[in-house]
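Going by numbering that gives the first Met the number 0, the first residue of the sequence shown is number 0, and it counts up by one from there.
Some clues are possibly wrong.
[Claimed, not checked] Pairs of lysine to any residue residues, derived as SDA-like cross-links and limited to a Cα-Cα distance of at most 20 Å, are as follows:
#1 Lys82 <-> Phe3
#2 Lys34 <-> Ser48
#3 Lys7 <-> Ala35
#4 Lys88 <-> Ala119
#5 Lys46 <-> Val62
#6 Lys39 <-> Val62
#7 Lys39 <-> Gly2
#8 Lys39 <-> Ala66
#9 Lys9 <-> Gly37
#10 Lys82 <-> Ala66
#11 Lys34 <-> Ser44
#12 Lys72 <-> Asp61
#13 Lys46 <-> His23
#14 Lys7 <-> Lys39
#15 Lys82 <-> Asn59
#16 Lys34 <-> Phe3
#17 Lys34 <-> Lys45
#18 Lys1 <-> Ala36
Keep in mind the hints are simulated off the structure, nothing from the lab.
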Amino acid sequence: MKGFKLLKKKFGGIFTPVFVPPFHVYNVDTLRAAKAAGLKGFSASKKISPDRDLVFITANIDVNVYAPDGGAKPLDPARLRQKTLDCLKRRGDICAYFHHAAFDAADLEIFKAYLSFLRALRARGLIEFSLLRQRLQR
């Protein structure tokens, strides 16, 4: 609860009360704790249980991929584009998650190209951008 209050104080009106569990690992107790802390949304790569009190945002595009030793692998632009197109075919939300701290200079350039790819999809009317905050207001 202290963390929630601190974030709200520091970020004010742009604070979005959505929890993303570390490594997307959680259980029903995590959901209960998120609700008790006053969070409105929850985001992870898999939904384990229905919950009417939290807006669940499926994080379905993992930008970073990690090696067995825990080190970040270089970003793969073809993989990112394909995962995005697969989401489009399913007609679901596209929510890309990434760990910018794992980016090196080459990854940053690939990520910029991925953002250009997303902008091109938007220009064609195939996707629209939204903030998590907007999802909580639906």
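Evaluation of the provided hints:
Proposed proximity of Lys82 and Phe3 is contradicted: the alpha carbons are some 33 Å apart, above 20 Å. For the given pair, Lys34 sits about 14 Å from Ser48 by alpha-carbon distance, which is consistent with the 20 Å threshold. Taken as a hint, the Lys7 and Ala35 pair is honoured in the structure, with Cα atoms around 16 Å apart against an allowance of 20 Å. A hinted pair counts as satisfied when its Cα atoms are at most 20 Å apart, and Lys88 with Ala119 qualifies at roughly 17 Å.
As the CA atoms of Lys46 and Val62 are separated by approximately 19 Å, the hinted pair is consistent with the 20 Å bound. The straight-line distance between the Cα atoms of Lys39 and Val62 is roughly 25 Å, outside the 20 Å bound, and the hint therefore fails. Between Lys39 and Gly2 the alpha-carbon distance is near 15 Å, which keeps this suggested pair within the 20 Å criterion. In summary, the hint linking Lys39 to Ala66 is not supported, as the alpha carbons are separated by about 33 Å, beyond the 20 Å threshold.
For a cut-off of 20 Å, the pair hint linking Lys9 to Gly37 stands: about 16 Å separates their Cα positions. With a C-alpha separation of about 19 Å, the suggested pair Lys82 and Ala66 falls inside the 20 Å cut-off, and the hint holds. Straight-line distance between C-alpha atoms of Lys34 and Ser44 comes to about 19 Å, which keeps the hinted pair within the 20 Å bound. For the hint linking Lys72 to Asp61, the alpha-carbon distance of about 12 Å falls within 20 Å, and the restraint holds.
Distance restraint check for Lys46 and His23: the Cα-Cα separation of roughly 10 Å lies within the 20 Å cut-off, and the hinted pair is therefore satisfied. For a cut-off of 20 Å, the pair hint linking Lys7 to Lys39 stands: about 13 Å separates their Cα positions. Our distance criterion of 20 Å between C-alpha atoms is met by Lys82 and Asn59, whose separation comes to about 8 Å. Of the supplied pair hints, the one linking Lys34 and Phe3 holds, its CA atoms being roughly 12 Å apart against a limit of 20 Å.
Restraint check for Lys34 and Lys45: the C-alpha separation of about 18 Å stays at or below 20 Å, so the hint holds. Only pairs whose Cα atoms come within 20 Å are accepted, and Lys1 paired with Ala36 is accepted, the gap being roughly 9 Å.
When each numbered hint is compared with the structure, violations occur for hints 1, 6 and 8.
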